[in-house]
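*Asks:* Respectively, the protein sequence lines represent chains A and B.
Residues 1 to 418 in my numbering are what the first sequence lists, from first letter to last.
Residues 1 to 752 in my numbering are what the second sequence lists, from first letter to last.
Please note that a few of the clues may not be correct.
Listed next, the in silico DSSO-like pairs over lysine-lysine satisfying Cα-Cα at most 30 Å (straight line) [stated by the list, open to error]: (1) A:73 <-> B:130; (2) B:73 <-> A:304; (3) B:73 <-> A:235; (4) B:73 <-> A:171.
Distance windows between CB atoms, simulated [said to hold, decoys possible]: (5) A:311 <-> B:310: 25 to 35 Å; (6) A:314 <-> B:168: 32 to 42 Å; (7) A:103 <-> B:220: 26 to 36 Å.
Since the hints were made in silico from the structure, they are not lab data.
Note that the Cβ used here is the ideal one computed from N, Cα and C, for glycine as well.
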Amino acid sequence: MTDERSAPAGAVLVVGGGISGLTTALEAAEVGQEVFLVEKNPYLGGRVAQLNQYFPKLCPPSCGLEINYQRLKNNRKIRVHTMTEVKSVSGGPGNYKVTLLSRPRYINSNCTCCGACSDACQDEIDNPFNFGMDKVKAVRKVHDHAFPARYVLDKAACSQSSLDAILAACKYDAIDLNMQEREMTVEVSSIVWATGWNPYDPTKMENLKFGSSPAIITNMMMERLASSSGPTGGKILRPGDNAEPASFAFVQCAGSRDENHLEYCSYICCMASMKQINYIRAQYPEAPITVFYIDLRTPGKYEKFREKLMADEKITWIKGKVADIIAESDGSVTLVAENAVSGDKVKTKVDLAILATGMQPALDQAKALGVDTDANGFVLSQDEGMISAGCAKKASDVVTCAQSATAAAMKAIQASRR
Amino acid sequence: MDKKYGVYICTGCGIGEALDVDGLSAIAQENGMTAKTHEAFCGEAGRQMIKDDMANEGVNVPVICACSPRVWKEEFNFGPESITVRANLREGVVWSAEKPSDDRSQEVVDEFTNELAQDYVRIACAQAMKIDLPVPYKQETTNRRILVMGGGIAGLTAAREAAKAGHEVLLVEKTDKLGGKALGWRKQLPTKAPWNALEESSIQELVSAVQTDSRITVKTSTEVARIAGAPGAFQITFKEAGTRSEWDAPSRVTVDMQDKIDKGEMEDPNAGYKKYTEANPAAEIVGAVVLATGWVPADVSEFEHLGHGKLKNVVTNAEFEELAKEGKVPANVAFIQSPGGEEHDKDFPYANSVTSMVALKQASYVREDNPDGKAYVLYQHMRTPGNMELFYKGAQNNDGIFLTKATVTGVEESGSGLVVKTKDTLLQEDLNLEVDMVVLGAGMKPTTALAPTVNLSYRQGPAFLDLELFDGYADSNFICFPYETRRTGVYACGGVRKATDMVETIDDACGAALKAIQCIESADHGVSVHPRSGDGSYPEFYFQRCTQCKRCTEECPFGALDDDAKGTPLPNPTRCRRCGTCMGACPERIIGFKNYSIDMIGSMVKAVEVPDDDEDKLRIVAFVCENDAYPALDMAAMRRISLNNLVRVIPVRCLGSVNMVWIKDALSSGMDGALLLGCKFGDDYQCHFVKGSEIADKRMANIGETLGSLGLEPERCGVRQVAITDYDTVSEVINEFIEEIKELGPNPFKGF
Chain A
1 MTDERSAPAG AVLVVGGGIS GLTTALEAAE VGQEVFLVEK NPYLGGRVAQ LNQYFPKLCP
61 PSCGLEINYQ RLKNNRKIRV HTMTEVKSVS GGPGNYKVTL LSRPRYINSN CTCCGACSDA
121 CQDEIDNPFN FGMDKVKAVR KVHDHAFPAR YVLDKAACSQ SSLDAILAAC KYDAIDLNMQ
181 EREMTVEVSS IVWATGWNPY DPTKMENLKF GSSPAIITNM MMERLASSSG PTGGKILRPG
241 DNAEPASFAF VQCAGSRDEN HLEYCSYICC MASMKQINYI RAQYPEAPIT VFYIDLRTPG
301 KYEKFREKLM ADEKITWIKG KVADIIAESD GSVTLVAENA VSGDKVKTKV DLAILATGMQ
361 PALDQAKALG VDTDANGFVL SQDEGMISAG CAKKASDVVT CAQSATAAAM KAIQASRR
Chain B
1 MDKKYGVYIC TGCGIGEALD VDGLSAIAQE NGMTAKTHEA FCGEAGRQMI KDDMANEGVN
61 VPVICACSPR VWKEEFNFGP ESITVRANLR EGVVWSAEKP SDDRSQEVVD EFTNELAQDY
121 VRIACAQAMK IDLPVPYKQE TTNRRILVMG GGIAGLTAAR EAAKAGHEVL LVEKTDKLGG
181 KALGWRKQLP TKAPWNALEE SSIQELVSAV QTDSRITVKT STEVARIAGA PGAFQITFKE
241 AGTRSEWDAP SRVTVDMQDK IDKGEMEDPN AGYKKYTEAN PAAEIVGAVV LATGWVPADV
301 SEFEHLGHGK LKNVVTNAEF EELAKEGKVP ANVAFIQSPG GEEHDKDFPY ANSVTSMVAL
361 KQASYVREDN PDGKAYVLYQ HMRTPGNMEL FYKGAQNNDG IFLTKATVTG VEESGSGLVV
421 KTKDTLLQED LNLEVDMVVL GAGMKPTTAL APTVNLSYRQ GPAFLDLELF DGYADSNFIC
481 FPYETRRTGV YACGGVRKAT DMVETIDDAC GAALKAIQCI ESADHGVSVH PRSGDGSYPE
541 FYFQRCTQCK RCTEECPFGA LDDDAKGTPL PNPTRCRRCG TCMGACPERI IGFKNYSIDM
601 IGSMVKAVEV PDDDEDKLRI VAFVCENDAY PALDMAAMRR ISLNNLVRVI PVRCLGSVNM
661 VWIKDALSSG MDGALLLGCK FGDDYQCHFV KGSEIADKRM ANIGETLGSL GLEPERCGVR
721 QVAITDYDTV SEVINEFIEE IKELGPNPFK GF
């Protein structure tokens, strides 16, 4: 989606349309600030759009996103550009010149989301929104609650006959196969980097054997499995054979708090796993669950949430780092660890192992864009014009992201009022 | 507004194929409106057709019968002088249409589907005739100054950031100097990469930045006695700290309490204080408030086995910091994080993760002051989230700091020192540690847990409501919207909201200052703040018919309504969030918005055509929360899940706005039931207006009695909780309700 209205003076550029970028954009715009909001994906909402529920309330993220989208629709100060990334930045605080690059969606603003193109399309791709756990049509609305509500076409994945069928199916002249990559330049007084995070690549932890068995999944995959819009319609089933797991294990700090991977703590994984235990309990009330951890970081108001689970006799908590995971021939896996308190070696065989993979900052072209980062890639607010927010700044939960995103809006307002 | 209507029936997205469009046009005609059709009103050509009618025919109320009102909202906004009304034929009828089955042929299904569509056109026409253009409420003057309560890190930061954005600030601090708790710190936790070393305290820098900022006025040794008024024009009465004033904010007096006071059965808690509505001519005016009154060290005396208050040299972390600031600390010190012994592994109450980090900081004091010093940090769970893990790693590399998980079973005197008894350590043995001093990782208790603190002079009392949900912290219930509390224009930050470190406090304060500015801007424009940001409508009251029942003043989730001595409401529109809970509460039906009123929704309900001779054609009205349940219905439709075609959906701002007269309207016009679909309520409520769905549930329980007395079954009315993600189950929820109605049979008053 590209908003063609002309550029205002003293605007702020918000890079990233996840919960942090969206919050910065809205909070700034509701003070009267002009905003450009650019997002790499074809939809806004970022990582939280993939989550089933938030901890500790176990409420759906789309509830807050819906409000934010309504705020966005009611606010003319925000210009949204999806499928767009920052190519280059020049200038300085007060007058940055930023070149944006938009990839073609191949679907124009005539799209009514009627779905005829998707019905006509014969080609399928691995669904990136569900981490490849199912297939989707190459032309699709990315998910039910996608905003902007518009289809997107993966042209490279389509045969000519599919493309012909898609063109023929659309009654609204919304398919534009000649759409090109486009560049645009915006002048802004400040830039908020809300570029978020990626799940740490689980294959990097060789001992955890991700990929060796479908019984080893990541916490983000678990979110999709538990979600009613996910690949299994919300039923937690083992990928591959769709078996109902009879037992589960969580591997905490899968990559985090580890010098060889992410040296920091990813902040959310303890609570995320406990949240996911709630998903499991709703479907498998009696299934044994083992949690391997270093520390349970559920401080403050999160302690109540943990307390409930600690009372569950079918959950075993083992302080100890998982050393190895072995794929078994019956589809299950065995986790090997040392109990740090007793010193015993532990072997636990389960039907599904969930790796609590950490957060890695997603902005990878920082240096080329003139953005300062720390050694781990988190964006530093380097001066009054370059501002970081949310998980681009530090590993955070959603509440903390919303705080830092609101703070970033303040910095942006100051920059434009200067 | 002189209205001219135009009805635009879209035939795209399957509407034209599924529905008898001529029949729909005829209904517009019956309502005196001309209908036009197009295959895609959302497209350029379709919108141009509407724009042409607006330019040439003077149409200013386009009634667009097409897709859900949630889509193409901006495209169908034709400017401030027009009102767009929507009928949801695509998601609401066609995409969610019943599929033919063995029981019901295509022909029968089509009949039901078309009747549904026809009713939606009727409802939209009725809405168009009753809706009016909102005129924003404008205060005479909007004050742009911001009051910051509290002169610690949070308050100082909020003041400075608001000033940097060009606002005047009034900063009040209870003690005689600025700086707060940080003044007593020897060093501060790391605030920047590489996050591994303690820093010299930066508090003096922050204090002088505030003191030298000409936009900031500082009042020390001062407290806020009361805050009256509303965003854009709060009236602040100050007093000397620690004194009593006749302007102190009065306590909450409920209707029942007032009754007892009047009868002499109860003492008036507010005797001797100025009435809450009395204006203080000496008050200072501000536009918004940042609450940064911080915390006090939490009590640790309940943990008797740890000996605080009994054993010499057992101190809290706050007391230890004082020692460290003043001089040298002892050489052998144990830091206890988790007081539960063998009972539980939680940290001290009000701890959060800060106490873990403070223990690491203080452990390094031991090392700084004593070349051979030994610090033992005993924890159940070391909590150094995010980058603070790097600080933890730094401590692990310090030879004299011993860190272990441990269950501390007791602290005892031993000679001149102390012995700490532990079990379950990482050394796989029970340890008895001989130390000079024991430091307990006490938490940070928010000032709001001790007193109202914000001291609002409001009808609903001086404090934030329901803070027990957050252990007394002035927190928000909303994960996505942490600044949204139940008191518009007052934004909490720092230790009063959460036990946090400095980095988070600074962000939090910066965000709170932004929200304060935003609230002032919104008040100035006469529009609502979150969640109906930018809404220019506001509730208006027809006071001549007010019976002073006080329901609206009691039920408003945001305390927007004060009242006079007789009990007549005194609205404060800039406190209002436009949910309509007052409108739903009013038995006299005297509250309404220009574009959302009792009459408008009532007329929409009555527009539904109710067949009086066909038992298969029951009619059920569903009032559906537009924030969550309505999108759930839309998404069900996108998945082509059939929704029961006996139901007529009317979106509402919040279930709290549903007035019971609409239920009576529905049943007296022969409809067979009324269903309310809204958000989850209870402790983990999801209602964006906090109390709306809960209040609706209570009201419906009461209407049950009323219906019973009329000879109608209370089961004809129901409230169901539907989350936005319940699109896979919402259809079943509705069907189950309708099955219950079918069991009851048609409304016996049908046709009368």
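*Asks:* Confirm or reject each hint.
*Replies:* Going down the list of hints, with the structure as the test:
| no. | hint | result |
| --- | --- | --- |
| 1 | A:73 <-> B:130 | holds, 24 Å |
| 2 | B:73 <-> A:304 | violated, 41 Å |
| 3 | B:73 <-> A:235 | violated, 34 Å |
| 4 | B:73 <-> A:171 | holds, 21 Å |
| 5 | A:311 <-> B:310: 25 to 35 Å | holds, 32 Å |
| 6 | A:314 <-> B:168: 32 to 42 Å | violated, 59 Å |
| 7 | A:103 <-> B:220: 26 to 36 Å | violated, 57 Å |
The earlier numbered hints that this structure contradicts are 2, 3, 6, 7.
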